[in-house]
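With chain A fixed as given, assemble chain B with the ligands onto it according to the hints.
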Amino acid sequence: MRRIISILMENEPGALSRVVGLFSQRGYNIETLTVAPTEDNTLSRLTLTTFGDDRTIERITKHLNKLIEVVKLVDLTEGSHIERELMLIKVKATGAQRAEVKRTVDIFRGQIVDVTSSVYTVQLTGASDKLDAFINAIGETQVLEVVRSGVSGISRGEKVLSI
Amino acid sequence: MEKLSGAEMLIRALQDEGVEHLFGYPGGAVLHIYDAIFQQDKVQHILVRHEQAATHAADGYARATGKPGVVLVTSGPGATNAVTGIATAYMDSIPMVVVSGQVRSDWIGDDAFQETDMVGICRPIVKHSFMVRRTEDIPEIVRKAFYIATTGRPGPVLIDIPKDKTAPQVKLPYEFPKKVKMRSYTPVARGHSGQIRKAVEELMKAKRPVIYAGGGVVSGNASELLTAVAHRLGFPVTNTLMGLGCFPYNDKQFVGMLGMHGTYEANMVMHNADLIMAVGARFDDRATNDASKYCPGATIIHIDVDPATISKNVRADVPIVGPVQQVLEDMLGMLDEHGGQPDQKALGRWWEEIEGWRKVHGLRFEVNEDGLMKPQQVVQALHRVTKGDAYVTSDVGQHQMFAAQFYGFDKPRRWINSGGLGTMGFGLPAAMGVQLAFPDATVACVTGEGSIQMNIQELSTCLQYGLPIKIININNQALGMVRQWQDMQYGGRHSSSYMESLPDFVKLAESYGHVGIKVDRFEDLEGAMEKAFSLKDRLVFMDIYVDPTEHVYPMQIADGAMRDMWLSKTERT
Ligand SMILES: Cc1ncc(C[n+]2csc(CCOP(=O)(O)OP(=O)(O)O)c2C)c(N)n1
Ligand SMILES: [Mg+2]
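Chains A and B, in that order, give the protein sequences. Sequential numbering of the first sequence, starting at 4, is according to this note's numbering. Sequential numbering of the second sequence, starting at 4, is according to this note's numbering.
Since the hints were made in silico from the structure, they are not lab data. Treat the hints with care, since some could be wrong.
Taking CB as the label site, the calculated pair distances span [stated by the list, open to error]: (1) 358(B) to 78(A): 41 to 51 Å; (2) 144(A) to 195(B): 55 to 65 Å; (3) 29(A) to 172(B): 54 to 64 Å; (4) 4(A) to 356(B): 35 to 45 Å; (5) 106(A) to 110(B): 29 to 39 Å; (6) 78(A) to 196(B): 18 to 28 Å; (7) 30(A) to 318(B): 11 to 21 Å; (8) 108(B) to 119(A): 39 to 49 Å; (9) 562(B) to 78(A): 47 to 57 Å; (10) 78(A) to 463(B): 53 to 63 Å; (11) 153(A) to 504(B): 55 to 65 Å.
All residues carry an ideal CB built from backbone N, CA and C; glycine is no exception.
Chain A on its own, in the form it takes in the complex (with noise of 0.2 Å):
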């Protein structure tokens, strides 16, 4: 199962190798990975998206959890949460495709940030099926390039992942 692994931890050096690390060294797997300090610039906060059943994100939280420098973590999706992806994505818009991407761009809400003669650059959020949607319906052969900040989230309600 996929799930969203959010942390809360020192804004130190060497604190995210030790995260990024320890996937490897236990052999788990991360799939997105973003990292940013928060208002409190002593603390960074680090979201990634990883699979396994519940024995293999259990021992993963409790090994992040062994982590000197993590001072929290909370497993998103175990509960209700909101979930955001940003994508920068340019596609070929030529001709008649030119209108098409733009319907599409619009049906998805997405931005137009840049264009020329040939290429359209759009912004587009969402949670991370949405943006696999999008570049399916423009179709993969139009599709230059494509950058994903990789998963943000954060929990619905009053819950706060705070100290």
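Below, chain B with the ligands without anything else, positioned relative to chain A:
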């Protein structure tokens, strides 16, 4: 406030931590530190002959005393030489602080002379690591390093210090922090009382119970409590290789070590148990055999200070995360409160069954009537001559298993071996650490002619510091354990497992300034050993020739259950 250089701060902080011995080896990146060591006399520096030995010596010191072992090495090759010892300590959860020198901070990343990314190299084999970025942080980093190394599940911590941070010109105010506070590190202080109560209920219901105690009982200083709980319940007790000594070998409830080379009765008890209480043990593959066939009928209570260990290899039914000492203490209280007894009739039947198993094998081995002595006889003689009261370090191989099976430990912290990593070359330097910690104690290093040569240079260190270790070299002229596997699994093809060019160990010991004794007949063994151990202030190297064809039994059959064992070269279960 007093002003100190970074190097002085480091040494002062070690003093403030109560460090008495520092095992190390100098080099360019740590010369400021060595100069600071020279100008004080509270921390004694022990100059080894190879950095690996510094880590093993610190490790042996830590295992014997329970206090953290401390190491100092230079950057580059000094640091990488220490890696095996750090990994050894990590696998066995030994508290250790390793200080490695680093090139000047403005040279880091330039492939400078003797630069290696020690923090990077060690990431998977340390509990935590620090890179010193500001000189003024040194006292706090040292304090944190010791705190992390010694609390929770202990382990090695690395402090990497660039040379410029120790420079004598820069003097800054020194203050040793009274307290450490780390918002991201709070080891569990107490096991959950509801869980302990649940465990007590299970213990009372059990009909075929066993207590499976590991190294966590030793490192958690919980041997007495474990023994009290076991006596209160009347259950059989087995130990892992790391747990030996946490329950007395001569107690009638002891069924011996379990696992790959465990006793027949211990492995049978485990396989047939309906309740296993694991205390400070981690269900390592050498102790479980095939985990999917593991103890099919057992409810499992698992007590450990490390949550990540629980249900890692084998699912626990009643997990209890907490310091074993506190958990066992609470458990004892709850047992008293409960006032009841486990099912005595069932327990009686269980013990009858166990007595039957004890008769099946009982660690038997055949003695050569006239001919070479058996390695087991050497360990038995060692027990007799030392009256079972020695610190016994060991290397890795058949001799290690024979020592574990035959010495008999009745106290914790007496059996000192590399269980998790299985590091050949551990025994002699570890013995140095033990002997330094306890100068008057009897310290024996049970080794093999293969392992001893991995750190033989330390004979020189032993001379320098007058360490009267007794080396019991069980010489089978072979990498015996490798050869045993080749006999059993590779049709007897002894690929690179024997040694045709052994040195004369007696002369070798003598040239290092020690006493060497060669024994090749059983009738000379005990007399020679008596003589060796009577030389209280000398290191004696006993080179003891044994039957090279001997195997270690029982031996669990790979991919089988706990009960699947070879009992001799021809019998299996
Ligand atoms: C550093 C290291 N290298 C290789 C091994 C693999 N190994 C395990 S036991 C063994 C043989 C040990 O020989 P010896 O010290 O003579 O002990 P014996 O088994 O003969 O008693 C070897 C090579 C190891 N454990 N450690
Ligand atoms: Mg040998």
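**Prompt:** Okay, which hints does this one fail, numbers in order?
**Reply:** Of the numbered hints, 3, 5, 9 do not hold.
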